[in-house]
Amino acid sequence: MSKDLVNKVLRSNAGFAPLALRVPVGIIFMAHGAQKLFGWFGGYGLEGTGQWMASIGLAPGYLMALMAGSGEFFGGLFILLGFLTRPSAVVLAFTMFVAIVTTHLGNGLFMANNGYEFGLALMAAAVSLAFSGAGKLALDGKLATAFSVRPSL
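In the working numbering, the protein residues as written are 15 to 167.
Hint data in this document are derived by calculation from the structure and do not stem from the laboratory. Be careful, since some hints might not be right.
In silico lysine-lysine, DSS-like type, Cα no more than 25 Å apart, as pairs [to be verified]:
#1 Lys156 x Lys17
#2 Lys150 x Lys17
#3 Lys150 x Lys22
All values reported here derive from a predicted model rather than from experimental measurement.
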């Protein structure tokens, strides 16, 4: 693996600021993913979410529910831990983009009308983490150190 690629994906000089995003955003994404995957927190699980996704044109619905739920649950977990933060954030930003375009955009901005403001805020947080990386108190820094190529003597 290229040292440059490892550094670009895992290294971050952002300090503690991303931690303030990672913790709440990771928890929120995990909860929404758990609704889709497991039916927790009032969700409909894979079957129900899959049927709904198919009804709005995201077919095959079960697969779309599995992909969205897995992206949200595991992406949220990874962001919370600061593990593969940049790739996870990109997946989550894309997931929110799809949710906004397919479900919320036609309802306007505000959540009271099932609008896109919450999805937009989550997408913005994910994009921010994709640019900044995990920052301090994250597993990415430890991974970067473990995979760094040491110069030969």
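The hints, checked one at a time:
1. Lys156 x Lys17: holds (14 Å)
2. Lys150 x Lys17: Holds, at roughly 20 Å.
3. Lys150 x Lys22: holds (16 Å)
When held up to the earlier numbered hints, the structure conflicts with none and fits them all.
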